[in-house]
Amino acid sequence: MAAYRGAGGLRNLFLLVTGAQLFRIDGVKSVFFGPDFITITKTDSHMEWKVIKPDVFATIMDFFTSGLPVVNEDAAPRADTAPSDDDDEVVAIIKELLDTRIRPTVQEDGGDVLYRGFENGIVKLQLQGSCTSCPSSIVTLKSGIQNMLQFYVPEVEGVEQVKDGVEAEELNQQTHKGLPAILRYVFQVTLP
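For the sequence shown, our numbering gives the first residue as 287, with consecutive numbering after it.
I should point out that these hints are in silico values taken from the structure, not numbers from a laboratory.
Model, not experiment: these values are computed from the prediction.
Errors might be hidden in some of the hints.
Computed spacing ranges between beta-carbons, pair by pair [to be verified]:
#1 P340 / A378: 44 to 50 angstroms
#2 I424 / D371: 29 to 35 angstroms
#3 P369 / V337: 44 to 50 angstroms
#4 D371 / D330: 42 to 48 angstroms
#5 E441 / D330: 40 to 46 angstroms
The beta-carbon is built from N, C-alpha and C at its ideal position, and this holds for glycine as well.
Assemble the whole structure, with the sequences as input and the hints as a guide.
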């Protein structure tokens, strides 16, 4: 799914424009901006990377040459794992493990994992980026994440993947259709 996050300002405008330009490339299914990576997913397995790779690289390099920082050091901490007064000790430990041990590993593979809740011994997580379309995402969720959480937090009985109310594919289609019009109107950016 397309994700544009961080503090406001010119950098986010460039990310928004860069995301819209990446969606214009034939064969791009989804765009995910991580804290220090971009994940591009192809529309299908028959589309070869060598066909879309030059356009993807050129679009990303245009952002790099803008002179804006690639990583936003001043971005607010992740809201999903930010400590809350409502968190009990178990939830606080789960959130800390997600931030310090699990999320960095998942991000190395171009994805991310968001905390969505803990009830009746089940940790609810949302996978993002390359993790959403990867055939081994269930293995990552069950063998990797679940095993680690159960090792450190005995109260964890399992891990369950949750999805947004809007399916990622539907969101991508809406974003792909709507962004050029929004950008033309708000920022006077010319996109076909």
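Quick rundown of the hints versus the structure:
1. In this structure, P340 and A378 meet the distance hint of 44 to 50 angstroms, their C-beta atoms being roughly 46 angstroms apart.
2. In this structure the hint that I424 and D371 lie 29 to 35 angstroms apart at CB holds, the actual value being about 34 angstroms.
3. Distance hint check for P369 and V337: the Cβ-Cβ separation is about 46 angstroms, which falls inside the suggested range of 44 to 50 angstroms.
4. Taken as a hint, the range 42 to 48 angstroms holds for the pair D371 and D330, whose Cβ atoms sit roughly 46 angstroms apart.
5. Distance hint check for E441 and D330: the Cβ-Cβ separation is about 42 angstroms, which falls inside the suggested range of 40 to 46 angstroms.
Checked against the numbered hints listed earlier, the structure breaks none of them; every hint is satisfied.
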